[in-house]
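Taken in order, these protein sequences are the chains called W and Z.
Sequential numbering of the first sequence, starting at 3, is according to the working numbering.
Sequential numbering of the second sequence, starting at 3, is according to the working numbering.
Source of the hints: derived by calculation from the structure; they are not laboratory data.
In this text the structure is predicted, and so the values were computed from the model without any measurement.
Every clue listed holds true.
Identical copies look the same in the list; a pair holds intra-copy or inter-copy alike.
Here are the simulated DSBU-like pairs of lysine-lysine, each with C-alpha atoms no more than 30 Å apart in a straight line: (1) K267 <-> K244; (2) K200 <-> K244; (3) K93 <-> K65; (4) K316 <-> K65; (5) K332 <-> K65; (6) K279 <-> K93; (7) K279 <-> K316; (8) K267 <-> K199; (9) K279 <-> K96; (10) K316 <-> K301; (11) K65 <-> K331; (12) K267 <-> K93; (13) K279 <-> K331; (14) K122 <-> K65; (15) K96 <-> K65; (16) K279 <-> K332; (17) K96 <-> K244; (18) K65 <-> K267; (19) K65 <-> K275.
Protein chains: 2
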Amino acid sequence: MSTLSTNTSTPRTTLTVDDYVNGVLAGNRTVLARAITLLESSSSLHEPLAQEVLRRVLPESGKAKRIGITGVPGVGKSTFIETFGTMLVGKGHKLAVLTIDPTSARSGGSILGDKTRMQKLSREPNAFIRPSPAGHNLGGVARKTREAMLLCEAAGFDIVLVETVGVGQSETALRSMVDFFLLLQLPGAGDELQAMKKGIVEMVDLMLVNKADGENRSRAELARAEQEIVVHYLESATPEWKPQVALSSGLTGDGIPQAWEVIEKFYRELEPKGIIKRRRQQQSIDWLTDLIADELHRKFYQHPAVSAQLASVKGALLQGELTPMQGAKKLLAAFSGEK
Amino acid sequence: MSTLSTNTSTPRTTLTVDDYVNGVLAGNRTVLARAITLLESSSSLHEPLAQEVLRRVLPESGKAKRIGITGVPGVGKSTFIETFGTMLVGKGHKLAVLTIDPTSARSGGSILGDKTRMQKLSREPNAFIRPSPAGHNLGGVARKTREAMLLCEAAGFDIVLVETVGVGQSETALRSMVDFFLLLQLPGAGDELQAMKKGIVEMVDLMLVNKADGENRSRAELARAEQEIVVHYLESATPEWKPQVALSSGLTGDGIPQAWEVIEKFYRELEPKGIIKRRRQQQSIDWLTDLIADELHRKFYQHPAVSAQLASVKGALLQGELTPMQGAKKLLAAFSGEK
Numbered sequence: 003m004s005t006l007s008t009n010t011s012t013p014r015t016t017l018t019v020d021d022y023v024n025g026v027l028a029g030n031r032t033v034l035a036r037a038i039t040l041l042e043s044s045s046s047l048h049e050p051l052a053q054e055v056l057r058r059v060l061p062e063s064g065k066a067k068r069i070g071i072t073g074v075p076g077v078g079k080s081t082f083i084e085t086f087g088t089m090l091v092g093k094g095h096k097l098a099v100l101t102i103d104p105t106s107a108r109s110g111g112s113i114l115g116d117k118t119r120m121q122k123l124s125r126e127p128n129a130f131i132r133p134s135p136a137g138h139n140l141g142g143v144a145r146k147t148r149e150a151m152l153l154c155e156a157a158g159f160d161i162v163l164v165e166t167v168g169v170g171q172s173e174t175a176l177r178s179m180v181d182f183f184l185l186l187q188l189p190g191a192g193d194e195l196q197a198m199k200k201g202i203v204e205m206v207d208l209m210l211v212n213k214a215d216g217e218n219r220s221r222a223e224l225a226r227a228e229q230e231i232v233v234h235y236l237e238s239a240t241p242e243w244k245p246q247v248a249l250s251s252g253l254t255g256d257g258i259p260q261a262w263e264v265i266e267k268f269y270r271e272l273e274p275k276g277i278i279k280r281r282r283q284q285q286s287i288d289w290l291t292d293l294i295a296d297e298l299h300r301k302f303y304q305h306p307a308v309s310a311q312l313a314s315v316k317g318a319l320l321q322g323e324l325t326p327m328q329g330a331k332k333l334l335a336a337f338s339g340e341k
Numbered sequence: 003m004s005t006l007s008t009n010t011s012t013p014r015t016t017l018t019v020d021d022y023v024n025g026v027l028a029g030n031r032t033v034l035a036r037a038i039t040l041l042e043s044s045s046s047l048h049e050p051l052a053q054e055v056l057r058r059v060l061p062e063s064g065k066a067k068r069i070g071i072t073g074v075p076g077v078g079k080s081t082f083i084e085t086f087g088t089m090l091v092g093k094g095h096k097l098a099v100l101t102i103d104p105t106s107a108r109s110g111g112s113i114l115g116d117k118t119r120m121q122k123l124s125r126e127p128n129a130f131i132r133p134s135p136a137g138h139n140l141g142g143v144a145r146k147t148r149e150a151m152l153l154c155e156a157a158g159f160d161i162v163l164v165e166t167v168g169v170g171q172s173e174t175a176l177r178s179m180v181d182f183f184l185l186l187q188l189p190g191a192g193d194e195l196q197a198m199k200k201g202i203v204e205m206v207d208l209m210l211v212n213k214a215d216g217e218n219r220s221r222a223e224l225a226r227a228e229q230e231i232v233v234h235y236l237e238s239a240t241p242e243w244k245p246q247v248a249l250s251s252g253l254t255g256d257g258i259p260q261a262w263e264v265i266e267k268f269y270r271e272l273e274p275k276g277i278i279k280r281r282r283q284q285q286s287i288d289w290l291t292d293l294i295a296d297e298l299h300r301k302f303y304q305h306p307a308v309s310a311q312l313a314s315v316k317g318a319l320l321q322g323e324l325t326p327m328q329g330a331k332k333l334l335a336a337f338s339g340e341k
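Start from the sequences and build out the full structure, keeping to the hints where you can.
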């Protein structure tokens, strides 16, 4: 059993920063799980401690392949990850599976669900499945998942799969933390399918038409042909990489070794060119920038003088009594005036 | 000649707010042009005056159809606008043509270019062609174009075409100020064509495969068939509107009356449902929010203590010596500490 709950009944001793750092670096799963729990804590007492642990293990992070997976509900993500992940651990990899799900507000996240839906994988000693951190705020949930990813890397996991349930902007958050982005699509074409969410095709490095088994096979072939046109017309997500479209079946395992070959090819071709490194550096800078913008936003809109006037300014704007520029100046003056 | 230069040699008298407001509302093109020049001024003395003029004419704005046009260089935008615009004034419409081009930093914008490339239209008394405001900053250029659009509406223009040259994020800025978004595409398919910029297909209400004349016709038909697949798979830009793909030729005029019919249908179907009104309200709120975010961003990064530390924080981040969270906290502390 590799999944560790935050609600374990085992009594806990307090760990020091050294304990966390040494335990994570030694690949101790219990300590890793507790370190992630510490990161996920909303307590302001825990945050500096968690950040210090993270800072100290940072030099040992960054060594995994970071793969993002998404797809609409019903596309077969869990079965796919179960089959794909079991294959990877069978090849000797150490695999961490993380989730971004801002709708999972239950304490401890969707752990029971994750264990249930990936039963075989969760019994693998070299697989570590961690549910989504709790939270309604995508920014916060995504940040915690990203930091958990770094801890998993420092603990020696050489592949991190991050999946998202595709709520709101969660694919964008996912894209911003992984190297390789895999989209699972349903077999079928034309009007059977929902149109893809804005921007998602342009994030893709590999699109798999999943459930391409049994009677679905010919519809999946058709879907692949159409998706290839779509992918062809849109700008690539990754420089010097042409997004690919292929078939897969989480159920039969068809296409899954080939999907892994595509991912290996991606790293084999792009790593020597420095493309992966540059992407990660840009992602770090983007995270810094986003964290700052989020905090400035929070401070501004929580400022009493701003929140007192916001509704009336918006009302005046919609009534045509103020220009957006005048409205902005008014709120900015309220913000500065009381600082 | 309807285009008015900011560099006119006619001596100018100073206009009061009342002069501007009355002149614009009376449809006086000279005053309209001067009011736009006032809006475009970077002088802090002019800004409150310009905003006051804008605020006073706001109740008379909002009555035009707001149409955005983009397409890669070489797609034939100018010829298209010339033919399309001439048709519209021929139907009795009053048409304003505005541009967003953050690369046009010359004083007075690209006025000579605009006159040259739309010679026939620029001679129409019911057409008003205004070059892009000068500036390197997309936010600033787009804001000025949007405000110029409101002045044109207040001056009685019932159709405003806003085109962009498609630099950087200028299509997104364009989408955020128009009701209807028209993308011109080159005829041809497959590898002949550059992949479309990220997100652009999802902004489209109508895609025209332009230059569909002479020998291009059959390639254009093929392109249309493929683009219909692309458009079909992606989420619509406008609720309850299925983006359409058609052929056009700015040169022969083929397809141009039909394009106008599509635009009229768009308004006929969506206006009674309140979809246009809701889009504009959302756009106003988004502009307010963006102006505030831009100003907070500017204040933050221009703060001496922040700019003094930014490079070292980014360096430490890229060296793995700091987490993005720790970097953000450090810069935020520098920002607050000295305020």
